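Protein chains: 2
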Amino acid sequence: MTPLPLGSKIGILGDGQLGRMLSQAASRLGFKVVVYGPDAESPAASVSAVSKVARYTDEAALDRFAAASDVITFEFENVPVSSLEYLVSKGAKVAPNARALGITQDRVLEKTFARSVGISTVDFYEVNTLDDLEKAIAINGVPALLKTRREGYDGKGQVWIRHADEVRAAFESLNGAKAILEAKADFLREVSVIAARGFNGEVRTYPVGENHHVKGILSTTLAPATISETLKKRAEDIARKVLEGLDYVGVLGVELFVLDGDELVLNEIAPRVHNTGHWTQDGCLCDQFEQHIRAVAGWPLGDTTARFQVEMTNLLGPDILAWETLSQEPNSRLYVYGKDDPREGRKMGHINRLKRAV
Amino acid sequence: MTPLPLGSKIGILGDGQLGRMLSQAASRLGFKVVVYGPDAESPAASVSAVSKVARYTDEAALDRFAAASDVITFEFENVPVSSLEYLVSKGAKVAPNARALGITQDRVLEKTFARSVGISTVDFYEVNTLDDLEKAIAINGVPALLKTRREGYDGKGQVWIRHADEVRAAFESLNGAKAILEAKADFLREVSVIAARGFNGEVRTYPVGENHHVKGILSTTLAPATISETLKKRAEDIARKVLEGLDYVGVLGVELFVLDGDELVLNEIAPRVHNTGHWTQDGCLCDQFEQHIRAVAGWPLGDTTARFQVEMTNLLGPDILAWETLSQEPNSRLYVYGKDDPREGRKMGHINRLKRAV
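Going down the list, the sequences are from chains A and B. Position 108, counted from 1, in the first sequence is what the numbering used here calls 108; the numbers after and before it change by one each time, with no gaps. Position 115, counted from 1, in the second sequence is what the numbering used here calls 115; the numbers after and before it change by one each time, with no gaps.
Looking at chain A on its own, in the form it has when it is part of the complex:
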């Protein structure tokens, strides 16, 4: 693909904070940004040249969006695959591709794909009926994690089954949604790798970050994490297999469990820039947002070397109310997403704290 020239229009499906930071990166490279999402006053729309306010399934609006964009990407993994396919059918250039989105939207397809390219996952079982779940628990035992196959994030749409007598209640809590039962991973650490692939197949990987979750929501990422060369190589290898297996163009995040002996098991693939990659804004010269824009615009990928070790901390809900103190912290940089309502658990911003030069 010929690199899109300056002044080209980048369409972004999704209008949250990831779209906001993608939009700012795209503008800095000289692109015009068209944001498409359901809200008029969204984090992304308020920093973008053009905003299209519509549902993701509104074909007339998608037509106008396609006409206004030289390339279309997304910041939100729950955009309907059919919407991407519709855009492609109308001649739009879309990256990442619809197949990659479809696979990563569905936890059964995702793990099946991972295994097909030689990536370890926890044991998993497709669950459509109570009978499926009972059989799966009989084979796997407890504890095990029941999740909806689709959607759900930050710990929503999932329930631990710790005793056999919780099976029915767990199944009913999903309200008939198709599900997956996952074996418990006995992991020592949770890490993630952010990686990019260009239209020409070039792959670049950022240093691995170590993540800490609180109540199922990412709290901090420390990157580069202190890891062995073996683990580093394995993480990079997994990222490459995912990117190539999906014929992916853009940035994605791969969450991994680290088991004893530096064994890595896939937790989840996020087909977009990722919260665990926010540290790159202050750790690297080319952050994950610029990198994604470079990839989808057909530009050469940027430098993923870490210059600083950074601890990224999410500001969830009322955490953001401490902005005055946070803004005075030395060696740090504050990012606020421009959302009004700081309700519990909502991602309102983050702070990158520089720990040391690398």
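Don't take each hint at face value.
Copies of the same chain look alike in the list, so a pair counts if it fits in one copy or across any two.
No more than 30 Å apart at the CA atoms, straight line, and that leaves these computed lysine-lysine pairs for BS3-like [stated by the list, open to error]:
#	residue 1	residue 2
1	Lys52	Lys184
2	Lys9	Lys233
3	Lys232	Lys355
4	Lys178	Lys241
5	Lys355	Lys93
6	Lys52	Lys9
7	Lys90	Lys52
8	Lys184	Lys93
9	Lys184	Lys233
10	Lys178	Lys355
11	Lys178	Lys232
12	Lys90	Lys184
13	Lys215	Lys184
In case anyone wonders, no lab produced these hints; they're calculated from the structure. If you're wondering where the values come from, they're calculated on a predicted model, not measured in any experiment.
Fit chain B to the known structure of chain A by using the hints.
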């Protein structure tokens, strides 16, 4: 002043690249940005929540702008002082103040002010008539630089007088504009200092940068410049005198000539973020744009320590056409302003090249 809370509206008069970078910094801190300028598709409007398209003297538009903004600042030093005064008369909070703008808009007032607070300038002479100019040349001798008192930038509106017989032609070239004759400064280097002052009087100064101009237009800034402690102290002292003498709130740039013996002479004060401060985007954690927003929003000022020595190079006119090569340079970051027409000498973008960790 109580710090403006998240979600407050920052109004920016002026819609060029400085407004663009101010707007992005303000958004990152959680502010909503209202840009006011003559162009609908401007560098700043395309990255801002709200854009008011109007002339700077349109009182009805200024009324709406004041109503939509919690604080108003400017990125363009040729905004009419009367417009700022009008906004203040309507109850708007404006920073920097109108007096500071008025003084720095006029080269005679600016140098008179500088001397009044103990800052050296070159000798200068007010020129309203040909007779004034002839008398000034008789006292000062040649070479000397004739400039319009107001406006003119990047070498426009100024002419060198190298021989006494050029006086009439030089005077006539200004088409009757009020003027100033300046003695030639025998300088070794041109440096600048970017500094900020908050509502509470706190002053912070960035490391001094060394500037190189080509055909009267800034080409590069290298910062921190290699300078003696004496020069550093003198430059900081000058910045503080300017900020305090103008009761200034916000960021400004002070251009200085370095004479033999580390003597400093004021060249020009820019009452706004400044091209010679762009290096701070990659040299410092809090760049000049964030710093200006912090100051005018009543936030505590940010860290001005340099973490990298950076060489900033302006991309003028057709220089920007090399974006594909520039975007692949290691250790650098590219900034594109989103302007369409790369005409000769026009500031289209810049590139920050990291030289070394500091």
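Results for each hint:
For a Cα distance limit of 30 Å, the shortest separation of Lys52 from Lys184 qualifies neither inside one copy, at 42 Å, nor across copies, at 56 Å. Taking CA atoms no more than 30 Å apart as the test, Lys9 paired with Lys233 passes in neither setting, with 36 Å inside one copy and 47 Å between copies. Taking identical chains as interchangeable, the C-alpha atoms of Lys232 and Lys355 lie at most 30 Å apart whether they share a chain (20 Å) or sit on different chains (28 Å). Taking the shortest Cα distances, Lys178 and Lys241 sit within 30 Å of each other inside one copy (27 Å), while across copies they are farther apart (69 Å).
In the homo-oligomer, the alpha carbons of Lys355 and Lys93 never lie at most 30 Å apart, since the shortest distance is 40 Å inside one protomer and 38 Å across protomers. Taking the shortest Cα distances, Lys52 and Lys9 sit within 30 Å of each other both inside one copy (13 Å) and across copies (22 Å). Taking the shortest alpha-carbon separations for Lys90 and Lys52, only the intra-copy value of 17 Å comes in at or below 30 Å, while the best inter-copy value is 35 Å. For the homomeric pair Lys184 and Lys93, neither the shortest alpha-carbon distance inside one copy (40 Å) nor that between copies (58 Å) is at most 30 Å.
Proximity of Lys184 to Lys233 under the C-alpha cut-off of 30 Å is restricted to the intra-copy arrangement: shortest distance 25 Å within a copy versus 62 Å between copies. For the identical chains of this complex, Lys178 and Lys355 are neighbours neither inside a copy (43 Å) nor across copies (55 Å), given an alpha-carbon limit of 30 Å. In this assembly of identical chains, Lys178 and Lys232 lie within 30 Å of each other by CA distance neither inside one copy nor across copies; the values are 35 Å within and 67 Å between. Taking identical chains as interchangeable, the C-alpha atoms of Lys90 and Lys184 are never at most 30 Å apart, the minima being 44 Å within one chain and 64 Å between chains.
For the homomeric pair Lys215 and Lys184, the shortest alpha-carbon distance inside one copy (17 Å) is at most 30 Å, but the shortest distance between copies (68 Å) is not.
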